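Protein chains: 2
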Amino acid sequence: MSPYDPGIRLYVDDALAAGAAVTLDADQAHYLRHVMRVKPGETVLLFNGRDGEWRGEIADLGKKGGAATVGEQIRPFTASPDLWLLFAPIKRARIDFTAQKASELGVSGLWPVMTDHTNVSRVNVDRLRANAIEAAEQCARLDVPEVFAPAPLRDVLGNWQADRQIMLCDESRTGVSLADTLAAQDATAPWAVLVGPEGGFSPAELDLLHGRPQVISVGLGERLLRADTAAVAALACWQALLGDWR
Amino acid sequence: MSPYDPGIRLYVDDALAAGAAVTLDADQAHYLRHVMRVKPGETVLLFNGRDGEWRGEIADLGKKGGAATVGEQIRPFTASPDLWLLFAPIKRARIDFTAQKASELGVSGLWPVMTDHTNVSRVNVDRLRANAIEAAEQCARLDVPEVFAPAPLRDVLGNWQADRQIMLCDESRTGVSLADTLAAQDATAPWAVLVGPEGGFSPAELDLLHGRPQVISVGLGERLLRADTAAVAALACWQALLGDWR
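Protein chains in written order, with our numbering: chain L, 1 to 246; chain C, 1 to 246.
Hint data in this document are derived by calculation from the structure and do not stem from the laboratory. It should be emphasised that the depicted structure is a prediction, and the values quoted were computed from it without experimental measurement. You can take every hint at face value.
With a straight-line cut-off of 30 Å between C-alpha atoms, the simulated DSBU-like cross-links for lysine-lysine are: (1) C:K39 x C:K63; (2) L:K39 x L:K64; (3) C:K91 x L:K39; (4) L:K91 x C:K91; (5) L:K39 x L:K63; (6) C:K39 x C:K64; (7) C:K39 x L:K91.
Here chain L stands alone, though its shape is the one from the complex (with noise of 0.2 Å):
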């Protein structure tokens, strides 16, 4: 197998082990036969965010669901880094594209928070999660993004874990040096990066954060980025400077 063809995969909730049987929900069965035009006795890829990566062969594929038949592990299980993206939702079509982009990019935790300039009221979470796992099965990462109930950003610093780390992402475009700044941190520590909405934070909310032990505050340039493109470029610089690409 090619390194960049992972062939199908699939994320399910059972057990992995060599010989058990494994549940398929309705629509992995749907794409399994109607997208894929897979049969039974073919194989896939399995895993489950927890006991790696196996060998399954497709034992059933109907309507209501199918069922998969463990074969060998092909890699014992690696979580990804500890790291949350905490984002203000944006419209669909960007809140898609940010839930996969995340996914890929290896988060382990993905959080809808409500800011002072946030437009959008409602979160479809099911969506944000489907889109979430689908990256994940692309990608070839083994275990996927956990999904966390939208809830107001103040709400969520006041509850605040306090070994884990906020790198905020400056958009007041005079920010200090993501790079230099990064380099000095704890990569041993759990993290989150946090990104506003396109309008920025409320100066309220800047004085919040500023005031937070754990808050890094890093800049991204003198471009207006949009919120997708900051949580795309800023997980992709936490990545290469405290991350797995090292």
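Since the structure of chain L is provided, determine the placement of chain C on it from the hints.
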């Protein structure tokens, strides 16, 4: 004016100097009239890639075009870093996205290169250019990326300028650390980021690339990145480590 909202910005061809008349094309006039509901007498920002940013008062808007009169200068000209993106063309939505994001991330040139595993045979250069210009207008940069005519990768490398470095995004998932490698490079040199197609470069192409003294190979981690994700990620890391985010 908030740092987050530059208002309406238009890229124009004409020279910009106080009192000069500037021609707007039919698309710009339509956009101002029917999308932004701008009326004669209102002001926008103008830039042309060489004279900086100027206030412009709309003088006339019609079906075939319009005119503006240049007021005071807002910002002197500064060029974006000398960084090209070379990328294998992909399907339409992703190529639009790549052009938009690369422009936001400050590339000076966009070059579609045909590789052995490139499936797309035709590239709409006008569309690529329109996407790059629209993103340049929105992100407040003072120039627009040059779009080069699509060409085979072999020909591009055959005529390569000796001093332009190439950051090759290594999709083998075993590449060397991007951050450590880039940090040791010459930030004053002209650069190009080269991202392959989703099938990867062919062995012959990799031999050709690795034989070039300008090619610096970097890894983007173990997850399989889509070509458009790899382009955005690589450009962001370049700007953070060698470009104008420092």
